[in-house]
Structure formats: structure tokens, C-alpha cells
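Novice: From first to last, the protein sequence lines are chains E and V.
Everything in the first sequence is counted per my numbering, starting at 1 for the first residue and increasing by one.
Everything in the second sequence is counted per my numbering, starting at 288 for the first residue and increasing by one.
No lab work stands behind these hints: they were computed from the structure.
In this text, a Cβ means the ideal position worked out from N, Cα and C, and glycines have one as well.
Hints may be right or wrong, so weigh each one.
[Unchecked claim] Where chain E lies over chain V, by a calculated footprint (3+ residues, C-beta under 8 Å):
no., segment
1, 324–331
2, 443–453
[To be verified] As a list, the in silico DSBU-like pairs of lysine-lysine whose alpha-carbon atoms are at most 35 Å apart:
no., chain 1, residue 1, chain 2, residue 2
3, E, LYS220, V, LYS384
4, V, LYS412, V, LYS507
5, E, LYS253, E, LYS98
6, V, LYS419, E, LYS132
7, E, LYS132, V, LYS412
8, E, LYS125, V, LYS384
9, E, LYS98, E, LYS73
10, E, LYS285, V, LYS385
11, V, LYS384, V, LYS319
12, V, LYS507, V, LYS540
13, E, LYS132, V, LYS309
14, E, LYS97, E, LYS220
15, E, LYS253, E, LYS220
16, E, LYS22, E, LYS32
17, V, LYS319, V, LYS572
18, V, LYS319, V, LYS309
19, V, LYS507, V, LYS360
20, E, LYS125, V, LYS412
21, E, LYS32, E, LYS97
22, E, LYS253, E, LYS132
23, V, LYS385, V, LYS572
24, V, LYS419, E, LYS22
25, V, LYS412, E, LYS253
26, V, LYS360, V, LYS572
27, V, LYS540, E, LYS132
28, E, LYS125, V, LYS419
29, V, LYS360, E, LYS220
30, V, LYS419, E, LYS253
31, E, LYS220, E, LYS22
32, E, LYS73, E, LYS253
33, V, LYS572, V, LYS412
34, E, LYS285, E, LYS73
35, V, LYS412, V, LYS319
36, V, LYS309, V, LYS384
[Unchecked claim] Derived Cβ-Cβ restraints for the label pairs, each shown as a range:
no., chain 1, residue 1, chain 2, residue 2, range
37, E, ASP233, V, THR535, 23 to 29 Å
38, E, THR27, V, GLY433, 38 to 44 Å
39, V, PRO557, E, VAL61, 38 to 44 Å
40, V, PRO310, E, PRO28, 24 to 30 Å
There are 2 protein chains.
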Amino acid sequence: MLNALLPLLLAQAAPAAAPPPKPYDATPADWKAIPDDEVLIFTLANGRRVVVRLAARYTPVHVANIRAIARAKWWDGETVYRVQDNYVAQWGDATEKKPLPPGVVANPPAEYVWPRFDAVATLTKPDPYATKAGYSRDGWPIATNGREAWIPHCYGMVGVARDLAPSTGSGGDLYANIGHAPRHLDRNIAIVGRVIEGIDALSTLPRGTGGGLGLYEDPKQYVPIATARLASDLPAAERPRYQYRDTTNARFKLWIAARENREPPFFTVPAGGADICNALPPVRKAP
Amino acid sequence: MLNALLPLLLAQAAPAAAPPPKPYDATPADWKAIPDDEVLIFTLANGRRVVVRLAARYTPVHVANIRAIARAKWWDGETVYRVQDNYVAQWGDATEKKPLPPGVVANPPAEYVWPRFDAVATLTKPDPYATKAGYSRDGWPIATNGREAWIPHCYGMVGVARDLAPSTGSGGDLYANIGHAPRHLDRNIAIVGRVIEGIDALSTLPRGTGGGLGLYEDPKQYVPIATARLASDLPAAERPRYQYRDTTNARFKLWIAARENREPPFFTVPAGGADICNALPPVRKAP
């Protein structure tokens, strides 16, 4: 039943750039460079790479910490020590003993929310966690309750593990969402980035069994991190380059409409709306 | 930073039955048996087991097909042939050539929706795909737009692959959602079950690379299915037994409220609502 499956596959595929182009397709000029100092590359000892775009504009203190941690090579030799099904993969220092590099703020300001919802395009409908959700001009998904704004906990978003509130986390221990968006964490924890390449290197890891919480019980299960580097700290020729789609033009608004109303012939009933985590702003590796 | 991660873990854990019990905790009598003929056990050749509860009451023609396919041992020796990150794992006959067993309806009625929203408890807020979502008396999540009702495409839900609309699928090729709920598929395809054990046997599989659609390009990548059996076709002593939580009492309504408003000390800001896919009706293996 390969016929039976291909349409299902097509249904999920990003709007295809098949001829003739659709009015919502990106033009080459719609792709904007992600700054090299927002690109953090984790290379696992197994050779897989997990690349995170840092939300430097929204969470500057956390991102300053993360850059300092990367530059100190603090993550080199650390591990992914927790993988909980339909929730998160988490990495950093499982021993809790490694001192933070100089200059890293152990408990930064929360940076969970900010006052202004600076979306340049929005979705049609509210969701149970936000009255409005949309897109920043630099390619981030954002949500609001009318009083404050934040980055929602979608698949692939990267957050900072912390102790009980009101404690905050340094950024040394990070997690990525690998299942249905745990939006109840919105406004309760700092989202500092998004995995833009290699999320499957985390989402396919064996689930841990510790405490019913996905902890690897035997340190032999830990998945070692070989290195973590900012692209901006690599020689220019070695930097991987990524792009986000321009969210400010009419084509992008048509793209939103197409996400909210999937098209025939596979779909017979358009939803009339979309959840921000099913309509994440497009990113890609630079061609 | 183990302290830093444990609270995050606790945050996701189902309400704990720690002493003293919470008013929303299930009592032993709250756990109801899932009928054996609704339990379909796929055993992979690697020894992992994926157990599906069939939505027999909502999708009777599809489920009759699926039971007939299982009884004919049609899936034995077939494969998981597609795994697309943040979308679905799909299994059945990758060759498209295997004849269906006698009595199986090749194109059943759609059974995508039904007229009555028979929820006995509901969530507080709408979502972008439904005006209301809630729980049936026998432990299924259901959604409605006020005119019709359906089972939403949440993590772990099992659907029937089909060709382009208006074609429907026999049930020989099934998929399970392994990422953020693709709710745009709601009302466009039949959900016939829910994985109640072993979803990680699918969600941890390597992602396929075919067509950008998660197809395994080399048949050597296929993950073989050893057997597929209904629990009701096994000797009584060998049947695994599962239970769903009673959704009809006040304790369950308190459970919903607790899912919508996660508690301190980890959470400082309750969401005031939840997405049905973040509040799936509890199921468990019988103790």
C-alpha cells in the first residue's frame, strides 16, 4: 500500500516548491541568514550533530551564559543523561559537581516572559495556553496572553533545566522537547533556543527508566557529548550556515493560511486554524 | 545539576499517588478493564511490543477489518517501513502486493467523525481544531466542532493510512503519531486506536530518509513484525490486561483541573487550560 502511504506523507511535507510555485512559497530573497553567534553546535561522540539557534534577543542573560559555557568547552565530555518519552531529552553535567566557568551567572533573571508581543504575523485562533500566537520578524514563534509574551514550548525548543521555583538555571543543563508540546511549561521556565538540525539525534535515543522520569540509571547509558561550539568561534570556512524565512511579507501570510487550511487532494476538511507548534516558522540550512 | 532536573521531571509525571493522596488521585475502583478484544499486540522481531487499544465503539467497520487482518496473521512478517520525525511511524505491507484476508473491506466507510459528542467530562478551553474537547465514559479523548465529534490525532494515536480522498484504507497499513499532535489530520483520516504500551518502540526508531517523508529507502532498514494478535485470541493466562481510568466521577474532574493548573512548587504560573493531547485519559497495565 505504497499508494496508501504516500499521500499521508505528502500531507505533512512542507508546501512543496513544485512547478508551478504556490503563492505562499518562499522566494530566494525570503531566506535570511541566522547570525553565526546564534548557532551552537553540539557534536555527540557518536558523530551526530545537534544544532541549536539561540534566542539571543529574547533571553540575553541566559544566552550570554550559554556562550560562556561553550567557549570554556565545559560541555565537552559531558552527556545526555535523561530521555523521557513524549517529553524531553536533557544534557549537561549529570554529576552536579562540575564548577561553572568564570563569568557564568548561576541564577540569571528568569527571562521566561517579556512585556511586548512583537509578532509581525499571527495565527487565526487562540489555543488553550495563549490568546494569540505568531511570528517575530526574526523567525521565532511567540505567544501572548495580552499582558506578556514568550516563546512556546514546541517540539525542538530548548529550555534551561532549573531547580524548584523561584530558582533559575545557569544554562549548563539544557533540554529539548521531543514529543507533544508541553505548553504547561510556558511562562514557568526559560526557552533559550530551538534545534534547527539534528533533533532526531535526541528523539531517537533510548528512553531512560529512572524514577519514571527518563533518567538513565546506569552511567554507561549516558550519551557523551564530544564538543559544543558556537559557529562564530569556528574558522569561517567551517561554519555551518542556516537561514530563517522572512515573516514580514504577504507570501508568509499566505503560508500561514495554507498551514491553517491544508489543501486537497489529500485533505477534504480544512481545519480553519493551526496550533503554533504545527506551524513553526521555517528554517533551513543555507543552500 | 540533578536537583535542577528532578523538579522538571516531576512536573511531567502523572499526579503521584504519594501519601497523603490528592483529591484527584484514582482509587482502585476507578480503574476499569479494557476488553480483551480491544487489545491488539504487535510483537516486533526485536522483541519489543507495541500494544494498541482499538476504538471498537467509534470505528466498528475499521476495527472489524483490523481484527480479521490480525486473525489471518496477515501482519506476521510484515514491517515498519516508514518513520518520519515529529510525525508518524507506519507499518504494514510495504510491497503493496499482499492480498487482504477474506472478509476485509478494502474501502470501509470513512468513520472519521460521528454526530454525537458523548463526553462525560470536558476541558475548559477550546483549541484551534475544536470548540470543545473531553473524555468519553470508556476512556477515549474526543473533540467536537459542535456539529460532529472525533478522536483527535494525539501522540500515540493510531490511524489508518489511505490513498487520496475520497479513498479510505483497509487497516492493513497503520500509523502511530510519534511527535507533536498533527491535529490538521483530524476529520480527514480514521483514528482507530491508541498505543497503550510500547510507543517508544516506534518513537525511537531511526528516521527514514525517503522523499523527505521518512520512508526507509533500503528494505534492509525495515523493522520486521514477528506477530500481531488480539489479546482475546490468546489463552486467558497469557493475555496482558489493561485498564482505563473512570472518567465519570468527581475525582476525574479534579484530575482535569490539576492538568489545567499544574501545581507548585515547580510551577509558579498555572496555565488555566490544557490541550487534550497534554491531558490524555489515563490508562495503565493492570496491577
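Novice: Is LYS572/V within 35 Å of LYS412/V, Cα to Cα?
Specialist: Roughly 30 Å separates the two Cα atoms, so the pair holds.
Novice: LYS22/E and LYS32/E: Cα distance at most 35 Å?
Specialist: 20 Å, holds
Novice: Would the hint linking LYS125/E and LYS412/V be met if the CA-CA limit is 35 Å?
Specialist: With Cα atoms ~12 Å apart, LYS125/E and LYS412/V stay inside 35 Å; holds.
Novice: If you draw a straight line from the CA of LYS419/V to the CA of LYS132/E, is it 35 Å or shorter?
Specialist: OK: LYS419/V and LYS132/E at ~18 Å, within 35 Å.
Novice: Taking 35 Å as the top limit, are the C-alpha atoms of LYS360/V and LYS220/E close enough?
Specialist: Given pair LYS360/V, LYS220/E is violated - Cα atoms ~39 Å apart, limit 35 Å.
Novice: Are the Cα positions of LYS125/E and LYS419/V separated by 35 Å at most?
Specialist: Holds - the C-alpha atoms of LYS419/V and LYS125/E are around 14 Å apart, at most 35 Å.
Novice: Holds or violated: are the alpha carbons of LYS412/V and LYS319/V at most 35 Å from each other?
Specialist: 27 Å, holds
Novice: Is the hinted pair LYS253/E and LYS98/E satisfied, with a Cα-Cα distance of at most 35 Å?
Specialist: With Cα atoms ~47 Å apart, LYS253/E and LYS98/E exceed 35 Å; violated.
Novice: Against the 35 Å threshold, does the CA-CA distance of LYS253/E and LYS220/E hold or violate the hint?
Specialist: 48 Å, violated
Novice: So if I understand the rule, the pair passes when the alpha-carbon distance is 35 Å or less; does LYS220/E with LYS384/V pass?
Specialist: The given pair, whose Cα atoms are some 44 Å apart, is violated under the 35 Å limit.
Novice: Take a quick look at whether LYS385/V and LYS572/V sit within 35 Å of each other, Cα to Cα.
Specialist: 34 Å, holds
Novice: Between the segment 443–453 of chain V and chain E, are there enough contacts, at least three residues with CB-CB distance under 8 Å, for the coverage claim to hold?
Specialist: holds (count 7)
The structure is inconsistent with the numbered hints 1, 3, 4, 5, 8, 10, 11, 12, 15, 21, 29, 31, 32, 36, 37, 39, 40, although it conforms to all the rest.
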